[in-house]
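Student: Chain order of the listed sequences is E and P. For the first sequence, my numbering gives the first residue as 1, with consecutive numbering after it. For the second sequence, my numbering gives the first residue as 1, with consecutive numbering after it.
Calculated from the structure, these hints are not laboratory results. Among the hints, erroneous ones may be present.
Okay, derived cross-link-like pairs now, DMTMM-like style, lysine to aspartate or glutamate, Cα gap no bigger than 25 Å in a straight line [stated by the list, open to error]:
#1 P/LYS131 to E/GLU5
#2 E/LYS41 to E/GLU62
#3 P/LYS87 to E/GLU45
#4 E/LYS69 to P/ASP127
#5 P/LYS119 to E/GLU45
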Amino acid sequence: MDFEELLKQIKDELLKVLGESYADYKNESKKDVEAFLEASKDKLERWTKLLANTELTVKDYEWLLKSQKDILVLKALYQAGITKQRLGHLKNKIIDTIVNVVVGAIF
Amino acid sequence: MKLKLFLSSLLFSVLLSCNTLKTAVYDQYSYQQTISLKVESEALIEHATDNFSNHEVEVNDLVLELKKLVEYEKNKPNNEITYAMIKLMADQDKNLLAGFLKRWENEQQLSQVFTNEAKAQIMEAFDLIIKYEANKNKENKQSILDYLGN
């Protein structure tokens, strides 16, 4: 089994299906599909081999793919949280600087 | 005068945006409890190749602990991210810890290969939550250092 070829087929099919349903968001869909496949490539390859060797059932395979989607959601939440914390620090610095400048200008 | 007015307006807008950027502080209980759940989950998942009925009590205990943590995180202020993360783990309709336990109950017994792969996924999910909580500690230290620096 040529996994790279299979991956290309999955990507083409996903883009086709998403393109039909979300035509207005074609570019965003393409980026999302590429990001998902890139982040999941090694696992997808391993699970696909296990499925081909009948060590995983189709239901197992589907369950694992969905778990990968959930992990990517967790990663997005993690990243959003880290960004929020950094912005919080930036905000504190901005407040300190403004207070210093305003106080300096007024008094 | 215009400069003063501009700076005052800027300060006012920044202060108004404060609430949206607040993050709950590091919580030792959350950190320890999540690690404890991870270790207990790993030990229990390894038994998913056995019949579910032999482990039903342990599964129910673990689900109860997970629900307690969800409630704890839910009621902490400015804690939306951690709450959303732990809620995913506890959602039976998602494919992480609670979803795995539900599938085990439905199928009664799971294969060794599937159990190993699912366990790796669930452990990775726990690591992200633990890492996020630990990062709050790092950020708290930075806040204290910033404060002391002023």
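Student: Indicate, hint by hint, whether the structure satisfies it.
Tutor: Each hint, compared with the structure:
1. P/LYS131 to E/GLU5: violated, 36 Å
2. E/LYS41 to E/GLU62: The given pair, whose Cα atoms are some 15 Å apart, holds under the 25 Å limit.
3. P/LYS87 to E/GLU45: Roughly 29 Å between the alpha carbons, so the hint for P/LYS87 and E/GLU45 is violated.
4. E/LYS69 to P/ASP127: Answer holds: E/LYS69 to P/ASP127 is near 16 Å, not above 25 Å.
5. P/LYS119 to E/GLU45: holds, 18 Å
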